[in-house]
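There are 2 protein chains.
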Amino acid sequence: MNLIILTDSDKLDDTRYLLQDYRAEHIRTVLKLEAGGSFEIGLLNGPRGRAVIEKISAKDITVRVENLENIPPPELTVDLICALPRPQTLKKVLFTSAMMGVRSLHLIRANRVEKSYFQSPLLEPENYVPHLIEGLSQGKLTRLPEVVVHDRFKVFFEDTLPGLERNSDIKLVKLAADPEAKGDLGEIMDKKASWLLFAIGPEGGWVPFEIETMEKTGFRRFTLGRWLLRVEHAVTATLSQLELLYRESGG
Amino acid sequence: MNLIILTDSDKLDDTRYLLQDYRAEHIRTVLKLEAGGSFEIGLLNGPRGRAVIEKISAKDITVRVENLENIPPPELTVDLICALPRPQTLKKVLFTSAMMGVRSLHLIRANRVEKSYFQSPLLEPENYVPHLIEGLSQGKLTRLPEVVVHDRFKVFFEDTLPGLERNSDIKLVKLAADPEAKGDLGEIMDKKASWLLFAIGPEGGWVPFEIETMEKTGFRRFTLGRWLLRVEHAVTATLSQLELLYRESGG
Chain A
743 MNLIILTDSD KLDDTRYLLQ DYRAEHIRTV LKLEAGGSFE IGLLNGPRGR AVIEKISAKD
803 ITVRVENLEN IPPPELTVDL ICALPRPQTL KKVLFTSAMM GVRSLHLIRA NRVEKSYFQS
863 PLLEPENYVP HLIEGLSQGK LTRLPEVVVH DRFKVFFEDT LPGLERNSDI KLVKLAADPE
923 AKGDLGEIMD KKASWLLFAI GPEGGWVPFE IETMEKTGFR RFTLGRWLLR VEHAVTATLS
983 QLELLYRESG G
Chain B
743 MNLIILTDSD KLDDTRYLLQ DYRAEHIRTV LKLEAGGSFE IGLLNGPRGR AVIEKISAKD
803 ITVRVENLEN IPPPELTVDL ICALPRPQTL KKVLFTSAMM GVRSLHLIRA NRVEKSYFQS
863 PLLEPENYVP HLIEGLSQGK LTRLPEVVVH DRFKVFFEDT LPGLERNSDI KLVKLAADPE
923 AKGDLGEIMD KKASWLLFAI GPEGGWVPFE IETMEKTGFR RFTLGRWLLR VEHAVTATLS
983 QLELLYRESG G
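Protein chains in written order, with the numbering used here: chain A, 743 to 993; chain B, 743 to 993.
Honestly, I wouldn't trust all of these hints.
Said to hold, decoys possible - If you want the footprint, here are the derived chain B segments under chain A, 3+ residues with CB under 8 Å: (1) 828-842; (2) 877-889; (3) 923-930; (4) 966-972.
What the hints assert, rightly or not - Covered, in the sense of this in silico footprint (three residues per stretch, anywhere, with C-beta under 8 Å from a C-beta of chain B), are these stretches of chain A: (5) 835-845; (6) 875-884.
Treat the hints as calculated values from the structure; they're not laboratory data. Glycine included, each C-beta is placed from N, C-alpha and C at the ideal position.
Generate coordinates for the entire structure from the input sequences, incorporating the hints supplied.
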């Protein structure tokens, strides 16, 4: 854990928090800290700072937070559409999305998504939030990505998405990963974009009707490179390439 | 499996191969093929093509390969140095390296590498090769990466590496990932490079002495972005960013 995330439910008063779970264990056994010791923390959906240990016992740890500083918002807001993957893959996508600063994760139905995946207990917040928090903790971020499940493909692209766009002043740039596409992100990305939504297909890829629907609703297709990647690698690859392009454009 | 990899030990004669293991199972239960059906194959360290099923039983499958075509060599040869990670992470690094076309993987000692990792059975070829083949199968590549374990940090950078360079006509470009670095790959990468070696540190990062040794031996440091990534994500991120830069430079 590069950053220990504190939440409202850990709060004792304005500046003090009580830790009793795996985080207390981490402080005792990995960081090996005692009273007076300090470590990096982030307040969920809030600033980063340090926590100083006031009391430590085998059962719990009381800390006081200080030096809180807000994380500047990214200049490029990134939302991710992901054809709902199998639960083992979804855990990795949740982790990576949080680690790399995705704002919203839209999990959608697609032809090659197994119907049973929509019944996975992992789609309950109590089960997926811990994976997001683990990702924030790794990437040293604090903003919890929003997760939304959409169980109708066409409705999502033709109704839901246009609704989101209408409610925003900022132009949305929409991209879909497709190994058959000719252009890469460097070629097709609008460097002045400030809100970007990219779509990653299921194992086995999109079917032609899906590509068509996305293109009709304003998505441009891009290739990530020579290889065929798994879903979790495609997410990391896209976010890494965006980071490079965006830094280069002075973002 | 996007590509089923065939090896010499599967060979019956010049064009026919016998499959009896998890690949036969995949052909029967996932691809659901019968006699006369065909699928994409790659010959290990050789060309790609198709295999046509001649005989199929519950026990084994005989195929005939055809339409073999060599994969053009990449214009940028990429070697990876990775501080030896824990076995669970090493499996991912092996898979990703093969999937994304790394030529050689140098696993090195570093201050923050646990000594016990060097005793892992995963460092035996019989245990690591299957992970590499799984990666080739995903990325649709055939060249098996070479894996070399180096258990002395200084010796590797000061003796082994200069030895490799002396034996080559091509200039080697050496880069080390470091979250503290200022420049990213777009800023520091020599676009005319044809042989690149990049180093990924252990969880917890390099220690100052290691950074110093690498800089003294010609490595330039680069950042992957705003976040702190895990080893396996840093490998995917670097290879993805290189792919983007290299395509853009017309490589």
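Here's how the hints hold up against the structure:
1. 828-842: Satisfied; 3 residues make the cut.
2. 877-889: holds (count 4)
3. 923-930: n = 4 at 8 Å, threshold three: holds.
4. 966-972: holds (count 7)
5. 835-845: Since 4 is at least three, the answer is holds.
6. 875-884: That given contact holds, which follows from 4 residues of the segment 875-884 of chain A lying within Cβ reach (below 8 Å) of chain B.
Of the numbered hints stated above, none is contradicted by the structure.
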